[in-house]
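Enquirer: Each chain, letter by letter, is given below.
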Amino acid sequence: MTTTKTIALLGQPNSGKSTLFNNLTGLHQHVGNWPGKTVERAEGFFDYNDVQYKVVDLPGSYGLSANSEEEVVTRNFIWDGKADLICILVDASQLERSLYMLADFVGIKAPVMLVLNMMDVAEAAGKKIDVKAIEKKLGVPVLGFSAADTKRYPDFLKKLDEAISHPSYIDSAGLREEMIGGNDSPVYVIEKILDDTQLGNVENIWLAVKLLENDKLVQKVVNDSLPFARRNAVKCILSSAEGREGGIATGEAKYRWISKILKETCSEKTPDKVFGKWDRIATHRIKGKIFSFVIMVVALLACMILAFPGMGIGFGLQPVLQSLVEKVGEALGLWTVVVSFINNVLVGGTCITICMTSFIFSIIFVFRILEEIGYMARFSYAFDNWLSRLGLHGKAIMPLFSGIGCTAGAVCGTRVLDTRGQRLFALVLLWAIPCGSKVAVVLFLASTFFGSAAPFFAIGYVALIFLSFWLSSLLFGKKLIPENERVGMIMELPPYHKPHWKMIAAMVGRSTWGIFKKALKMILIVAAIFWALSYASDGNVENTILYKIGNAIEPVTMFFGMRWELFVSYLGGMFSKEASLGIMSTLFNHTGEAFSLVTRVAASENLGEVLAKTISKPEALAFLFASMFNVPCVLAMGTTYREVGTIKWLATIMGYYIALSLGLAFIGYHIGLLIF
Amino acid sequence: MQQENFPNIISLDEMRENTGGNIEKIEGDSRFISRIVSIGLTPGSTFSLLKNDGRSPLLVFCRDTVIAVNRKESSQILAKVNA
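Protein sequences, first through last, are from chains U and E. 27 is the number of the first residue of the first sequence in my numbering; add one for each residue after it. 74 is the number of the first residue of the second sequence in my numbering; add one for each residue after it.
Everything labelled a hint here was simulated from the structure, so no lab data went into it. In this text, all values refer to a predicted model and were calculated from it rather than measured experimentally. Possibly wrong hints are sitting among the right ones.
[Claimed, not checked] The calculated lysine to aspartate or glutamate pairs, modelled on DMTMM-like cross-linking and capped at a C-alpha distance of 25 Å, are:
1. U:LYS313 <-> E:GLU90
2. U:LYS108 <-> U:GLU66
3. U:LYS242 <-> E:ASP102
4. U:LYS286 <-> E:GLU97
Hey, can you work out the whole structure from these sequences and the hints?
Expert: This is the structure in structure tokens:
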């Protein structure tokens with residue numbers, strides 16, 4: 027029987043953790059959330075030498091303090107001693123800084139292996155690192171590695187095997203010496219007070235350091251377990267002058283310890299170019315924004331090109347399959363109701379899911395590449411000033427901008443933000459940003475009803491979006507990101523890297539496949555419900571349940587300026603923007619075919635003409651406004667739910683946009699009645 | 074701290090672009106301290122200031138890393154400027 031060993035990957039952002047994780051586990055991985063948290067939990071498996079390894083990719087953070095949800099997850103996992111080995115990754119090209127994670131780990135009694143990643147980059151920069159010497163100093167296995175180079179994996183596995191079969195801990199004596207200095211230093215005194223207390227799998231020196239760093243979680247654990255007198259003694263030290271400076275003093279000690287190790291094991295020449303011409307442009311206050319804008323437009327174009335094959339398959343397959351189903355149905359003498367169900371729910375739903383997820387794939391892929399290259403950090407930098415006015419970190423620019431391409435995909439990008447409040451607020455803003463399809467629908471409606479005045483509507487739309495940002499910031503911003511929790515940008519601008527296309531494609535492909543499977547289920551259910559409501563055996567709209575409901579509630583919907591046909595189209599818009607047009611096409615054009623969420627003849631040719639004739643200008647205004655701020659689409663709801671983790675928040679965001687769009691429809695309609 | 078006695082010590086956001094120095098003191102709450110220390114800035118560290126345009130966040134090069142620091146927070150970092 028094979029044994030299972032758990033290894034956890036720990037490292038700072040940009041240390042190459044996810045590259046290692048993906049190359050190790052390949053297809054055998056599972057992404058979910060940590061129990062009760064909205065932090066992504068990635069786990070995978072691989073076999074080596076008759077041992078099954080379970081790999082846990084811990085959320086990236088710069089150290090082991092407990093300031094964010096991600097850090098708390100990481101800390102608790104290590105604290106609980108759930109791993110057989112903690113594999114700490116550091117960037118060899120920025121060794122001194124990235125070893126901070128290791129220094130922060132010293133004192134935790136868990137078996138460790140240190141991986142100096144990006145050795146190739148370090149060597150190219152003229153750094154010489156004596157891996158064996160570092161290994162000797164630390165007392166744990168150390169490997170010089172390059173996670174992007176698949177040829178080097180046998181070395182990794184060999185070292186891993188060694189580390190697992192001979193578990194070893196980092197020798198804390200050196201760091202302790204740096205921390206303590208004299209017998210009156212706060213670290214020393216607290217360590218003495220803690221004495222024989224044994225909490226979790228950590229040494230008291232680690233607890234003392236974290237107490238001095240004002241770590242609330244450690245403070246609580248210590249408070250709960252120490253007797254009264256000793257607890258007060260700790261409090262006294264923490265409130266003394268030296269104690270308050272604690273976080274700085276311990277930080278300095280950690281870097282001193284790192285420097286000492288590196289002094290004897292590494293040689294380097296000073297880098298000649300750290301901040302090149304491109305960086306000067308990319309971070310320039312004005313040029314940087316223009317430069318970013320150009321890159322983003324190119325990125326969005328690339329997304330469209332990439333999504334094209336998937337869209338083609340989805341669009342192309344639907345009519346072919348549908349006519350096939352009809353023919354087979356006829357030949358077998360199937361009831362029309364069965365054929366209708368297969369075509370409008372199963373076939374249509376699957377094809378629309380293919381179209382939608384191909385967009386999600388391309389958005390996540392393109393923006394992941396930009397991130398991997400290192401450009402995303404520059405982009406965030408360039409827009410930090412603007413976004414900080416809303417209380418957001420510059421990093422929010424990426425999901426917000428990619429929302430122009432596809433809301434559902436962009437929603438996944440909000441993960442880069444550090445706090446839950448930031449993520450939720452970014453999601454709220456993101457829903458107001460129209461994706462390509464929404465823009466197309468709004469422009470179609472504006473030009474149909476208002477002809478040459480359409481450009482004014484486009485400008486007005488942009489103004490309304492910014493107004494909605496202001497409103498969202500009033501309603502949500504202050505609460506989700508309280509003033510005292512707003513922290514400004516402190517971020518590394520990583521060196522530019524060559525992207526690993528294939529690996530990223532495989533990675534994004536896997537996560538899109540996960541989204542596809544969930545989306546398919548959801549879309550089929552919604553399509554089936556809609557189908558049941560809109561099915562009539564004779565194809566007459568007036569014999570559908572939806573017609574009856576629609577007519578019954580028309581007095582209410584007319585309040586917002588929407589007759590029942592328009593209101594049903596508005597509801598269809600929550601499913602997909604194309605569905606909104608498709609439903610209108612059926613209802614106003616009386617094409618005879620039953621209306622359906624999956625109709626792909628988006629707007630039959632004379633739809634514009636018919637609409638302009640039937641619908642009054644005030645009604646048109648109402649519907650236009652309602653469409654502008656309608657809920658994005660069923661898939662965006664799905665990915666949003668995945669990110670927020672609770673129905674409550676999804677319902678809140680949905681409720682907000684339904685209220686906003688109907689409110690605007692109401693205003694538009696009644697102003698329209700006065701004008702026209 | 075009297076300016077005359079320590080003429081060279083100023084906050085990061087007051088420093089000119091393309092100058093260098095050593096960090097003297099970092100002020101702020103423990104949350105900020107933990108963030109800034111873990112990314113590599115501590116008292117005593119040698120750094121060069123790559124960018125300070127008066128509006129955007131500052132860009133500091135320290136321990137082989139380019140770090141962006143918000144203007145407000147960078148006023149809490151005091152440095153001794155190289156002559």
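Enquirer: Give a verdict on every hint.
Expert: Hint by hint, here is what the structure shows:
no., hint, verdict
1, U:LYS313 <-> E:GLU90, "holds, 18 Å"
2, U:LYS108 <-> U:GLU66, "holds, 18 Å"
3, U:LYS242 <-> E:ASP102, "holds, 13 Å"
4, U:LYS286 <-> E:GLU97, "holds, 21 Å"
The structure shown violates none of the earlier numbered hints.
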